[in-house]
Amino acid sequence: EAGVAQSPRYKIIEKRQSVAFWCNPISGHATLYWYQQILGQGPKLLIQFQNNGVVDDSQLPKDRFSAERLKGVDSTLKIQPAKLEDSAVYLCASSLNMPGAGYTFGSGTRLTVV
Amino acid sequence: GQQLNQSPQSMFIQEGEDVSMNCTSSSIFNTWLWYKQDPGEGPVLLIALYKAGELTSNGRLTAQFGITRKDSFLNISASIPSDVGIYFCAGHQIQGAQKLVFGQGTRLTINP
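Quick mapping for you: the protein sequence lines, in order, are chains A and B. The numbering of the first sequence is the working numbering, which starts it at 1 and goes up by one. The numbering of the second sequence is the working numbering, which starts it at 1 and goes up by one.
Each hint should be verified, as a subset may be incorrect.
[To be verified] Calculated cross-link-like contacts (lysine-lysine; reagent style PhoX-like; alpha-carbon spacing at most 25 Å): (1) A:K71 - B:K51; (2) A:K44 - B:K70; (3) B:K99 - B:K51; (4) B:K70 - A:K71; (5) A:K83 - A:K11; (6) A:K11 - A:K44; (7) B:K99 - A:K62; (8) B:K99 - A:K78; (9) A:K83 - A:K15; (10) A:K15 - A:K71; (11) A:K71 - A:K83; (12) A:K62 - A:K83; (13) B:K70 - B:K51.
[As the list claims (entries may be wrong)] Derived list of chain B stretches under chain A, where covered just means 3 residues or more per stretch with a C-beta under 8 Å from a C-beta of chain A: (14) 20 to 27; (15) 100 to 112.
If you're looking for bench data, these hints aren't it; they were derived computationally from the structure. Where a beta carbon is used, it is the ideal one built from N, C-alpha and C, also for glycine.
Work the whole structure out from these sequences, hints included.
Here it is as structure tokens:
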């Protein structure tokens with residue numbers, strides 16, 4: 001089966017600019033996650049969608065980060081305006097809607113804010 | 001937020017040696033997962049554990065779900081160069097939105 005697709009792979013922007021990332025999950029996976037992975041750390045959950053509804057966005061900095069999954073398939077994550085500390089790899093993952101289901105991750109988007 | 005304490009942070013071993021790493025939490029988890037991440041890629045699932053006390057193998061990898069539900073370990077036997085990477089433990093909390101929480105990772109380096 002096709003994996004989780006993410007684009008772009010790399011992005012370099014200046015602080016205060018805006019940026020958007022795109023994710024296409026595995027077909028049939030109802031649950032989609034966006035994680036932020038800062039260099040040298042484990043991934044940290046930003047937001048979790050169940051179909052097109054938000055399940056958990058408690059760790060999403062809502063003053064600058066937003067995410068949507070309008071049709072319950074693709075998702076976009078936006079940062080506006082970006083700060084230097086937003087430099088990280090942004091990982092998208094998807095899973096079946098089952099307790100304890102393993103997540104399949106995309107390759108991520110490496111964002112550098114200068 | 002909930003944290004998983006993973007140790008060691010890094011390991012430097014000779015090819016052929018066995019490896020052991022573990023993960024602990026102050027809270028109970030209902031699943032434990034072990035992932036490996038190669039440079040420039042997302043984490044890839046190695047082993048999933050669903051029951052307290054469960055011991056599961058995947059080739060040279062063996063992982064166990066602690067009886068207290070607050071810890072897990074991963075062993076790699078007879079390490080080979082392609083085992084190099086960062087290993088993460090992760091767990092689903094027993095309550096709430098079932099989000100997957102990750103440890104800080106163990107970076108494995110192998111000297112040929």
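> Taking each numbered hint in turn, which are not upheld by the structure, reported in ascending numerical order?
Replying inline: Violated hints (numbers, rising): 1, 4, 10, 11, 14; every other hint is consistent with the structure.
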